[in-house]
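Here the protein sequences come in this chain order: A and B. The first sequence begins at 4 in this note's numbering and counts up by one. The second sequence begins at 238 in this note's numbering and counts up by one.
Bear in mind the hints are in silico, worked out from the structure with no lab data behind them. Keep in mind it's a predicted model, so treat the numbers as computed, not measured. Every residue, glycine too, gets a C-beta built ideally from N, C-alpha and C. Fair warning: there could be bad hints in the mix.
Label pairs and their in silico Cβ distance ranges [claimed, not checked]:
(1) A:V16 <-> B:K332: 53 to 63 Å
(2) B:R359 <-> A:R170: 52 to 62 Å
(3) B:L350 <-> A:A226: 38 to 48 Å
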Amino acid sequence: MVSRKRDLCAGQVAALALARLISMASVLERTLIVMPAFNEQAVVRDVVEEVFLRLPSVTCLVVDDGSSDDTIAQALAGGAIVARLPFNLGVGGAMRVGFRYAVEHGFDNVVQIDSDGQHDPANVPALLAQLKTADLVLGARFAGEGSYAVKGPRKWAMVVLSTFLSRTAKTRLTDTTSGFRASGPRAVRLFAEHYPAEYLGDTIESLVIAARAQCVISQVPVAMRPRAGGKPSHNPLEAAAYLGRATMALAFALTRPPVALRYSEAKR
Amino acid sequence: MTVTSYIFGVLAALLTLGVVIEMLRRHRLRERHAIWWLIAGTLALVVGVFPGVLEWAAGVIGIEVPLNLVFFVSVAVLFLVCIQHSAELTALEAKTRTLAETVALTQLRIESLEQDRSDRERS
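Please build the complete structure, drawing on both the sequences and the hints.
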């Protein structure tokens, strides 16, 4: 590889870089950014604007999850398409709206970004690039980049989850509860039908569903920013409850009958 | 057992059955939800009219106090009804969710169609 790279003259290098840029631009055109939003009026506009700044030519769908504040108007002002759920369904319900929209409008890829600003849109091209060899790519916090510290029961929960889910997905996953993820065409079609709405279903169970439908799962290291609104809980009791519920969600997800991609979809 | 308590038992069973059947007749209850109540009412009527059946059944299973069999069957029926309701509720929630998602997508589609039309009218 190294020697071949040296053989390329400057013009070829430039042409290659341009080709890569163009191919990324066309990938972005076929990509739908989905942002589930519940009462995020303070930040949603900035996040949408940042998405368009970093990723021109992308389509951005904000799914309003029954907010009671000004989220819808703020998202529209940022230039996003806004789908309105009549009442709160949770992240799983909001995301399935995004996947169904992508299928109906012929988008190949769906990238989920939190509307609270903790995910950096500048990482999206890295996630999309990985979709060439995978069906589902997670943006992982603990894979080397950025600083994000957790401890106590919450940490144990993450270790347990990543151990079991890595085995199910047959690849090393360090941050299975990451909401920053990109889905390729096969995963989009699968999730448009089978995205779970239960607690933690959008993170844990969706991974199990994808792995069992023979989707290739992979991860890319990303840095997370501190959340613009709200702060993560450090109450040990809540963390312990989280550990319990996460374990239960995992146990049920692993014992459910698997769903398969339909033949025409599986063929790709 | 006195004659009064015998009549009371039979009447209670008839009342239960009567209410369930009348609700079914008026479409206030779907028959798949009523099945457990019909079974319970019928059992109560049989035991009310022929108390000997209860003692015989308790003897067959080996329950010393026949009344305990009544309690056991009652709890079992209530348990099954509750489980059935939880399952129905889950199914309804899944349907509501799908409907809510469809409403959101349809609304989006209507808005974009209206936008297209008003654009065309202006040009």
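(request) Indicate whether the distance between the beta carbons of R359 of chain B and R170 of chain A respects the range 52 to 62 Å. (result) 59 Å, holds
(message) Quick check on a hinted range of 38 to 48 Å for L350 of chain B and A226 of chain A, using CB atoms only.
(response) For A226 of chain A against L350 of chain B, whose Cβ atoms are near 41 Å apart, the range 38 to 48 Å holds.
(request) Starting from the range 53 to 63 Å, see whether the pair V16 of chain A and K332 of chain B falls in it by beta-carbon distance. (result) 56 Å, holds
The structure shown violates none of the earlier numbered hints.
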